Structures are given as C-alpha cells and as structure tokens.
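K.L.:
Can you build the whole structure from these sequences, using the hints too?
Just so you know, the sequence shown maps onto residues 1 to 377 in my numbering.
One or more hints might be untrue.
[Unchecked claim] Pair ranges (Cβ atoms, derived):
hint, residue 1, residue 2, range
1, K11, I41, 34 to 44 Å
2, I358, Q149, 50 to 60 Å
3, V146, E75, 19 to 29 Å
4, Q149, F311, 21 to 31 Å
5, N173, Q149, 28 to 38 Å
Everything labelled a hint here was simulated from the structure, so no lab data went into it.
Here the structure is a predicted model, which means the values were calculated and not measured.
Even for Gly, the Cβ is constructed at its ideal location relative to N, Cα and C.
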Amino acid sequence: MLARIKSIALKEIRQLKRDSRMLYVLFGFPLLLLVLFGYAINFDVKNIKLAIFDQDRSDISREFYNSLNATEYFEIVRFIESDSEIKTILDKKKAQAVIVIPHDFSTKLYSAGEEPKIQFLVDGVDGNTATIIYNYFNAATASLNVKLQSEILAKNGKKFSPPIALENIFWFNPELKTENFLVPGLIAMILIITAVISVALSLVREKERGTIEQINVSSINTFELLLGKSIPFIVIAMIDAVIILIAGFILFGIVIKGSIILLFISTLIFIAASISLGIFVSVVSDSQQIAFTLATFLSLLPAMLLSGFVFPIEGMPTIIQIITNITPAKFFIVVLRGIVLKGVGLYAFWEQLLYLTIYGTVFLGLATIIRNKKAVE
Numbered sequence: 001m002l003a004r005i006k007s008i009a010l011k012e013i014r015q016l017k018r019d020s021r022m023l024y025v026l027f028g029f030p031l032l033l034l035v036l037f038g039y040a041i042n043f044d045v046k047n048i049k050l051a052i053f054d055q056d057r058s059d060i061s062r063e064f065y066n067s068l069n070a071t072e073y074f075e076i077v078r079f080i081e082s083d084s085e086i087k088t089i090l091d092k093k094k095a096q097a098v099i100v101i102p103h104d105f106s107t108k109l110y111s112a113g114e115e116p117k118i119q120f121l122v123d124g125v126d127g128n129t130a131t132i133i134y135n136y137f138n139a140a141t142a143s144l145n146v147k148l149q150s151e152i153l154a155k156n157g158k159k160f161s162p163p164i165a166l167e168n169i170f171w172f173n174p175e176l177k178t179e180n181f182l183v184p185g186l187i188a189m190i191l192i193i194t195a196v197i198s199v200a201l202s203l204v205r206e207k208e209r210g211t212i213e214q215i216n217v218s219s220i221n222t223f224e225l226l227l228g229k230s231i232p233f234i235v236i237a238m239i240d241a242v243i244i245l246i247a248g249f250i251l252f253g254i255v256i257k258g259s260i261i262l263l264f265i266s267t268l269i270f271i272a273a274s275i276s277l278g279i280f281v282s283v284v285s286d287s288q289q290i291a292f293t294l295a296t297f298l299s300l301l302p303a304m305l306l307s308g309f310v311f312p313i314e315g316m317p318t319i320i321q322i323i324t325n326i327t328p329a330k331f332f333i334v335v336l337r338g339i340v341l342k343g344v345g346l347y348a349f350w351e352q353l354l355y356l357t358i359y360g361t362v363f364l365g366l367a368t369i370i371r372n373k374k375a376v377e
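P.N.:
Structure (structure tokens):
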C-alpha cells in the first residue's frame, strides 16, 4: 500500500514540475494575497480631515482644535467663515467632520451657571468610521474638561481628583494594529484557497484526460488514490504557510508568541481538513471549470465572510452563526490568533482542533462514498 501511495504522490509531483504556471500560482499567489490584503484592508481611522468654524476666536478655542490637530487622528484641512460652507464641504467630502464653536463659547466657559457647547458634525455615510470619529472627539472633549477643571480649581487653591481613575491596558495587541488582527485570518484564507482549489483541479484533471478509468481498474483503492494525490499538496500548503509567516514578520512585524510545534501540528490538521473539502469537490465535479467554480465558492467566500477573518461572528444573527460552521477557516483562525497573538496553549483551543478533525473526516468519508458509488455505476 505504501508503495502505491508513493507512486501516486511521485506522479503528481512530476505533473506539477511540468506545469510551471501552476507552481507560480501555488507559491506566488499566497504571497500576493498577503501583500494586497495586508496593506489594503485597514480599520485604523487616522488623519481624519477636519474643518473648523471658530466663531469665538479665543485662545481656549484655538487651544482645543490645535490639540486635535497635534494627534495622528485629526488633520485640520480648512477653516470655515460662514454656515453656508458646512454643507458644501461635507457634500464634496473635503472634510469628514466639522467643528462649530459658537461666538460665546469662552464667555460661557468662565461664567457661573452657563453651559458652553461645541457642535461636532460628522459625515455618517460610513457608520463605522463615523462612530470611531465620534468616540475620538468625545475623548478629546473629556480631556479638555479635565484640564479646564484642574486649572479652575488650581486658581482657588484646590486640586482636582476624579472620583474614578480609568487605566486602559490592551493585552495581546497593545498598539491596536489592524495587521495583527487580520494577518492570522489571512493566513487561514490563503491556505484553504490553495488547498481546496489545487486538490480539486488535480483530481478532476484525471477525469478529463481519461486516466481515471485506468486507475479504477488498477489495484489502487480509493483511500490510496486520495492520500497519494493529497500528500504533495499538503507539503506545498505547509511551505506556503512558512512563507506567509516569514513574510508577515518582515512586512508587518507579526511575531509568533506561542509554540511553533503546536502551530505546525494545528496547521497540518487544518490543511488536511481543507484538502478533504477539495477532494469532495473533485468527486462531485466532472470538469475543471465546474471544480474551480465550486471550490472557489466553498473556500474563498466562506473564508472571507463567515470565518471571523474580517467580520466578528458574535455580531451575526444566530442562523448565520450556525452557517459559519461550513468553513474550517473559522476554527483555524481561533487557533492562529491564540498561538500567534496570545501565545496560549492547547487548553485554549483543543475544541477547535477537534472540530477540524471531525470536519475533515466527514467530507473525506462523503467523498469516498460518492466515488465508490460512481465507480460501481
């Protein structure tokens, strides 16, 4: 049996060597995806274009908006002279937000019983970005309030002490970099696309060339055929995983905080589960065109939309959360982020590895049953 499996694997390797374009796709495409997605997708909201309508023109109003401009989050791009300019600026996207400081701002600020107000107008077309901008501005306003209260009390010989002192500590990703969150998910997406599509096309190619009939009448059984065909692509996918991790470190500074051995074993289980899905696709497909379309539909779209790669699964409706189980990337992303970002051990994600094992077994079993049934027919 081992000799037959080895022969099939060597045959597949020879075919890959002859197909230089396929080799470029298998090794170059993952790196290209990493660069494109790693730099293109960014949830960090910085350099927000800010327009100022300062009717007060006081030292305190200038101090306020200059403090915003001094951060990496806001950039003052324009000063407004009249109300009529505000709508035009927001309509033409010359600014993402406008600060309106009324003419009596400083007067009310230092008057007892008065409540000074600042108006903050935000372009709300992109709701997520608008919410983040709103939170930034709230934080800046709160900081100004604390500063002014401290100054007023200091003039009266008192010291300002807030009743609750809030100290923020961000674990695992202290700089809150988007890349640290996305790259592990990107690794899972790239690996499942590579494994599913390559294996599916390889097996269906045998059908189109007619060589599958020769294999069916030989002494090779279904298990030996599928394993022999899968081994080269498992090796290629593991090489891709190493390349992506190295590129992630060089380009984005992603460092593996956990066990490399555990990461290797987990990646191997995930690739095996992904290849079982590719085998299933090849069994139910009669042409490479159908196999490619079905493999892309079952690997790329779920891995991008339903795996937690970009959109948190917890925020999805219950029925959609159940549907997310169709992609093994969902489970592997939890493992990747646990090992790479948190440095946790097996205790934190053993259930995910169990799910991957069950997933791979189910699809491999279905593929074997369907293939045997077709061989009999």
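K.L.:
I want to verify a distance hint. Is the separation of the beta carbons of V146 and E75 within 19 to 29 Å?
P.N.:
Distance hint for V146, E75 holds at roughly 24 Å.
K.L.:
Verify the CB-CB distance for I358 and Q149 against the hinted window 50 to 60 Å.
P.N.:
Given range 50 to 60 Å: holds, Cβ gap about 59 Å.
K.L.:
Given a hint of 34 to 44 Å, does the C-beta separation of K11 and I41 actually sit inside it?
P.N.:
Given a distance of about 39 Å, which is inside 34 to 44 Å, the answer is holds.
K.L.:
Does the Cβ distance between N173 and Q149 fall inside 28 to 38 Å?
P.N.:
33 Å, holds
K.L.:
How does the Cβ-Cβ distance of Q149 and F311 compare with 21 to 31 Å: does it lie in that range?
P.N.:
41 Å Cβ-Cβ, so the 21 to 31 Å window is violated.
Violation of the numbered hints given earlier is confined to hint 4; every other hint is satisfied by the structure.
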